[in-house]
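*Asks:* Residues per chain are reported as follows:
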Amino acid sequence: MAERQVERAPQTSGDDIWSKCPGCREIAFRKEVERNLNVCPKCGYHFRLTVSQRLSITVDRGSWHEMLEDLAVGDPLEFVDSKPYPLRIAQARAQNGRNDAVVVGLAKIEERPLALAVMDFEFMGGSMGVVVGEKLARLFDIATRKRLPTVIFSASGGARMQEGMLSLMQMAKVSAAIARLRDARLPYIAVLCDPTSGGVAASFAMLGDLNIAEPGALIAFAGRRVIEQTTNQQLPDDFQRAEFLLAHGMLDAIVPRHQMRFTLARLLAMLSRKRAAARTGNGRRPRK
Amino acid sequence: MKGNLNGKRARVTAPSGERGAVSNGAPAPTAIERVRLARNPARPQALDYFDLLLRDYFEIHGDRRFGDDGAIVGGLAYFGGRAVAVVGQQRGHTTAERIKRNFGSPKPDGYRKAARIFELAERFGLPLLTFIDTQGADPGVGAEERGQIEAIAANLELMSRLTIPIVACVIGEGESGGAIALGVANRVLMQDNACYSVITPEGCAAILWRVANEENVARAASVLKLAAHDLLKLGVIDEIVPEPQGGAHTAPAESAHLLGAAIARNLDPLLKLRPAQLRRDRERKLAAMGAAFIRKTDVESPGPIE
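Going down the list, the sequences are from chains A and B.
Count the first sequence with the working numbering and you get residues 64 to 351, in order.
Count the second sequence with the working numbering and you get residues 5 to 310, in order.
Warning: the hint list may mix true and false statements.
[Said to hold, decoys possible] With a straight-line Cα cutoff of 30 Å, these simulated DSS-like cross-link-like pairs (lysine-lysine) come out:
| # | chain 1 | residue 1 | chain 2 | residue 2 |
| --- | --- | --- | --- | --- |
| 1 | B | K104 | A | K209 |
| 2 | B | K237 | A | K171 |
| 3 | B | K289 | A | K209 |
| 4 | A | K146 | B | K300 |
| 5 | B | K276 | B | K289 |
| 6 | A | K171 | A | K94 |
| 7 | B | K237 | B | K276 |
| 8 | A | K83 | A | K105 |
| 9 | A | K146 | B | K276 |
| 10 | A | K171 | A | K146 |
| 11 | B | K237 | B | K300 |
| 12 | B | K237 | B | K289 |
| 13 | B | K300 | B | K289 |
| 14 | A | K83 | A | K94 |
| 15 | A | K105 | A | K94 |
[Claimed, not checked] Simulated DEER-style distance windows between Cβ atoms:
| # | chain 1 | residue 1 | chain 2 | residue 2 | range |
| --- | --- | --- | --- | --- | --- |
| 16 | B | L275 | A | P319 | 38 to 46 Å |
| 17 | B | A295 | A | Q292 | 32 to 40 Å |
| 18 | B | N217 | A | D301 | 55 to 63 Å |
No lab work stands behind these hints: they were computed from the structure.
Computed from a predicted structure; not experimentally measured.
Where is the CB? At the ideal position from N, CA and C, for every residue including glycine.
With the rest of the complex left out, here is chain B (with noise of 0.2 Å):
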């Protein structure tokens, strides 16, 4: 590993007793049980895969309208010999860097930072590189009134229309348009126990039960779907990245490597491609998007209006 960038970052360590969810020849994990592997505090962050897969990290800050939000990282590097743009979510290790961060939730500050880093990387012809781990977008005052809906949305179509190959890496929690506003991507990689999820499973069995007591929330937790393997089927994703046993936090440099294995691996077939190509084929992938699950009824519609 390099040399810190961040004092206040944590060791990445695995507690012990951490274990025992997915251990030797234990079975899969249920839904539950990844989204407590996704949301360990010492699972590795954005910036501790900044540290074990890229080289020269040269992080950039602020959205040159407001302010610099701590929960967002991202800026320039070298990515096996290549000049790459990196943005992601950083939800921190300690308590401490947890607040500064604002716990990985964006706020419109944020994500202005983060389409100034996509266009940075247009610009100049980079790969871009993102990996998601939110529980999604601040849900606070100031962020309303700067416009986290217009940020989110404009994040939305900026990425959609990149000629630069993009790959995406969920590697933790990504839940609701907080996530996806880093996740318009040509291939989406998730880790074998992170969740992908429209909303938390907190969210969701408020919402669906009025009680978000534990065994709604693993209800929930089962009922969206936010598996790897369940968004491999619905082809949300393109391939799920395995984690050490026990989980990406037991063996950091290991889940690190396994990682960027696969980040080179799908980047590769996509540097061959034009910059126009880039874009249809990214294109093409959204909208297929759900297309497999709609089908056409002879339904009438009442012609609304004479």
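Bound-form chain A, shown alone (with noise of 0.2 Å):
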């Protein structure tokens, strides 16, 4: 599942003046399209973001203050395919700079604070290995520590296939994660980018108590040219896309990214009351 049939990320980054959108085929200034949060001003195209146009379109100026930044991973299976992992990790931190597929931290959205994750397709196709899955188990256990809810934007093909049974066991460890969140009741809000697939998909990225997606992204459990081989069927055009799992009753809402911001601040006012803290759980107080 990991990487599988995920295509190369169509982004506005570049020296180019001009960016061609795949979703209307036109020609438009990159500033201009920046400018829109990089969503094409003809046609209403998402494009994918890297983990800092997120973070800086979404939280609040000089909130973020990202955690665990330092987890690495190492070598579990001495995995060597045409060179060795330890080698393929290393060239995707030298592009990017960070240690692997996930930033998380503690930021404010509109004044109010939650621990935040951004998943980074650049590193790797986002894949989860032991890495992604320790950061996020531990977020979550901040947030619940500190009371706060949890927003998780998705984008990965999947499990990493380089670290093994051990990434697939990552999606068990942070499903578990978010069951003790659930149960102290505090929020989490799922927001699946595109692509989310694979293990990711069908693990913490559809968990949440909402789950909302961006127009047009690409949620699917296995790859498209593996349905279409296997059950030799002609798929339509928006097969797995955010429009058709809408229709299909998986997804609570499709959110445009200008509105994204201001919907996730309103969903966490309105599920952040003061009640819902007072009847935590067995009877004891919530901790602070």
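Two chains, two frames, some hints: make the complex.
*Replies:* Spelled out as structure tokens, the structure:
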């Protein structure tokens, strides 16, 4: 499932003054697209965002405090394909300056504190290995302890093949941490971005109290090609897109990027009423 | 063996000529040889072990939402005089059964049937035994439409929070998210020739080397570390269950006896734990998963925004 059949990211980064929209095939000024939160001004196509772009349009200025950024993976399987896994990791790290495929931390949205994770599709296809699993599980536990709501922006090809079964087990590890947050009656909002698939889609990305997606995001368990080959079926164009999942009852809402920050603030406000905190499970008072 | 509950099920017998790989005195099988042993159509499957290990098995059908998925079987039974709940993937022995069971690849309806049995077990305090044997969840249009991702995710969370003893047994091939959706347990046992992997060797080979030919698939099986002795070292499983010489299919009754003894030995200490301890025990186990391979670096992350 790892990195399977996920197309390379059409991004607006690069030196070109112009960018061609994959949605409407129109040419637009790159600056204009960027000013528009990397949404095509003509057709509304949502380009993929880097972690920095996502953070800068989502959280209150100066409120982001990254945590656990020093965690890095060894080589549990001593995995070698065309090159050894540690080399692959080192190259990914050199390219984007981070240790693995997710950043986690504390931030504020509209002055409302929250625990936040943003997955990095540029780092080995956003694949989940032990570091991604550990950081997310610990983020949920920190949120539970500090009584904070949690938001995850997911973008991933799935479990990381190079870490074998250990990466698959991270699906369970993160899900167990979500169960603890839920028992403490703290909200978790999952935001599914393009693309979210495989083991990430089949675990924390679908476990939000609310699951919302960006328009057009690919959200899938199996790859489209695999399904076409095994079923010999012609698949509709919107198959496995956010709109398709919404129509089949698998998402709560599709929220355009321009409304995401405000929507999150609104939802977190509605879900963090004092009453909810007072009713925390098993009769104990919530710890500060 | 008890009366056959499923008329179409084949007799579990050993075809001659399959013994080669692990016959007396031979070296331990390679990874790809184990994959072949795990896939041997005569290898005992979940329903065979239900027959051989359980008494009074009552099968529970359907997810009360959409349908009854043949790839997941389960219900209530007695194991060693104790009422338990059981759930497993069933691949099928004959062509007819394999089609009926979708080759052991569950759809969302199967995982939701499993969830219903988990909740039943929780409500009545029954220990839960799961039997993992699938190449993965069904990659089909209907499965995507009905929320394969949601069904698997929900099972992972549900299993993590149960307050009953859970013992999972990997009895054949356990691959991808479709396998782990039955695998969140206090104790994970694995038969010696079973495989447990993030992806099938064929899928891995196709991604890494473009072509899933015989040589690449064998290489993939080896690099994935899908064999029981590898996974014991990595801390993914707790115990290797020995198989009869030549593989589980050569002597199903003996194989079931060995598996049953291992389940009983692992279940016993869990029965002494209180409900909250059982959940905590499982959570601690998950928290440790892979943690030994994480190190701290002094690489500073670039402060992404001002």
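*Asks:* Look at each hint and say if it fits the structure.
*Replies:* Each hint tested on the structure:
Taking the CA atoms of K104(B) and K209(A), the gap is about 50 Å. The hint is violated against a cut of 30 Å. A distance of roughly 42 Å separates the Cα atoms of K237(B) and K171(A); the hinted pair therefore is violated under the 30 Å criterion. Restraint check: the Cα-Cα separation between K289(B) and K209(A) comes to about 23 Å, which is no more than 30 Å; the hinted pair holds. With a CA separation close to 23 Å, the supplied pair K146(A) and K300(B) stays within the 30 Å bound.
As the CA atoms of K276(B) and K289(B) are separated by approximately 18 Å, the hinted pair is consistent with the 30 Å bound. Taken as a hint, the K171(A) and K94(A) pair is honoured in the structure, with Cα atoms around 27 Å apart against an allowance of 30 Å. With a CA separation close to 27 Å, the supplied pair K237(B) and K276(B) stays within the 30 Å bound. Proximity of K83(A) to K105(A) is assessed by CA-CA distance (about 11 Å); at most 30 Å being required, the pair is judged to hold.
Note on K146(A) and K276(B): the hinted pairing is violated, with a Cα-Cα distance of about 48 Å set against a maximum of 30 Å. Annotation: proposed proximity of K171(A) to K146(A) is violated, straight-line Cα distance about 41 Å (limit 30 Å). With a CA separation close to 22 Å, the supplied pair K237(B) and K300(B) stays within the 30 Å bound. For the proposed pair K237(B) and K289(B), the alpha carbon gap of about 14 Å is at most 30 Å, so the pair holds.
Between K300(B) and K289(B), the direct Cα distance comes to roughly 21 Å. Compliance with the 30 Å bound is thereby established for this hinted pair. For the proposed pair K83(A) and K94(A), the alpha carbon gap of about 12 Å is at most 30 Å, so the pair holds. Of the pairs offered as hints, the one joining K105(A) and K94(A) holds, with about 14 Å between alpha carbons and a cut-off of 30 Å not exceeded. As the Cβ distance of L275(B) to P319(A) is approximately 53 Å, the hint placing it in 38 to 46 Å is violated.
Hint check: A295(B) to Q292(A), Cβ distance near 38 Å, so the stated range 32 to 40 Å holds. About 35 Å separates the C-beta atoms of N217(B) and D301(A), a value inconsistent with the hinted range of 55 to 63 Å.
In summary, the structure is inconsistent with hints 1, 2, 9, 10, 16, 18 from the numbered list given earlier, while agreeing with the others.
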